[in-house]
Amino acid sequence: MSRALTNKGQQLLKAFKRRVKEADRIDIVTAWVTDCAALEALDELAKANCDVRAIVGLSNRITVPSALETLRDMGHVKVVDPSSGIFHPKVYIFHRDGRPTHGWNGSANFSKGGFDSNYELVLETKLPASSTLTDWFDELWNKRCCKPLTDELLKDYQRRFKEKPGQEPGVPPDASRGSATGKQAVAKGKDSKRIVIVQHGVRPPPDVPGNYGKEKAKGQVTVAGESYAYSSSTTCMKLVLEKLQEQDPSFLERCWDDSRFHRKGRRTHFVARTKAELGSEGFRKHAIPMDNDWWLPTQTQTQEKWKVVEAAADVAGVEIVHRAKGQHGREVKGKFWQAEKRAKKLVGF
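Using my numbering, you'd call the opening residue of the sequence shown number 1 and step up by one each time.
Do not rely on the hints blindly, as some may be mistaken.
[Claimed, not checked] Simulated pairs of lysine to any residue, SDA-like, Cα-Cα distance not exceeding 20 Å: (1) LYS143 to HIS88; (2) LYS14 to HIS88; (3) LYS78 to TRP141.
Calculated from the structure, these hints are not laboratory results. The structure presented is a predicted model; accordingly, all values stated were derived computationally and were not measured.
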């Protein structure tokens, strides 16, 4: 028998507190953990009668070190190295008298967003004495990618988090965490809320930092107020996706779920967590990794690449402005692929 749990009326948090009171052991698998009411409840109840095992992801530096330390004080914690790919499961298994009683599987991380502010859905199921869910947890617990949270690992993560903390999707930034630092801060000025792409044809762009690509720069793109040079539609697409992901760690996950990033009924993808998930052989063969461990196919038509950039801007909720400059700086208007085609006629871009 199963039932659905949501955050409406704090249903999820109330159900969690009730299950923890009944349990003598709880196994948790979460993409990230932050300071939240669920963690406080577990801390209060676990010290008395509940053993805790937890596997936590560290991708995108969203897990908060203080919450990770609190969780470790309750029991045994393992962390998943971000180099293994984005760790994304959310599973909770409650045990009593040496056997599992209930299992939770859904969208809620062990975090403020997961148990409070976000729109989440968790399926609660009564478990038999032998369950595939508990077998899955035990197998994951013993995998090499799951490393015990030692003092050394914790200190290293605290250092990396301090340098560039992430931000949990759906949760307002906490000023005490310093989450809006460096390039994560929203840039000021008229270009901070939009993407501006200027194609310069064979003319080099103004002196801007970085040229994504080995060829001579053919254009300039501005994302969150920062300008970069690019040499092709592929490098422009890669740059835009990487920079938007820096602004919002959930961005590529939302792209993955968006139909505009699929082909052939989700059999092929324009962004994916692994090469294999791209789908077609051509996509996998000519894929390139992005800075955030996601993969991007390059063997697509130029028109499709510009459409991916358009869709990315829409997913991120920012305005996109495109200009193609032909001979003598003449501006060519129209959609990305239309403007590029017209610019080619003018300067051979």
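Hint by hint, here is what the structure shows:
no., hint, verdict
1, LYS143 to HIS88, "holds (16 Å)"
2, LYS14 to HIS88, "violated (24 Å)"
3, LYS78 to TRP141, "holds (8 Å)"
Hint 2 alone, counting from the list given before, is not met by this structure.
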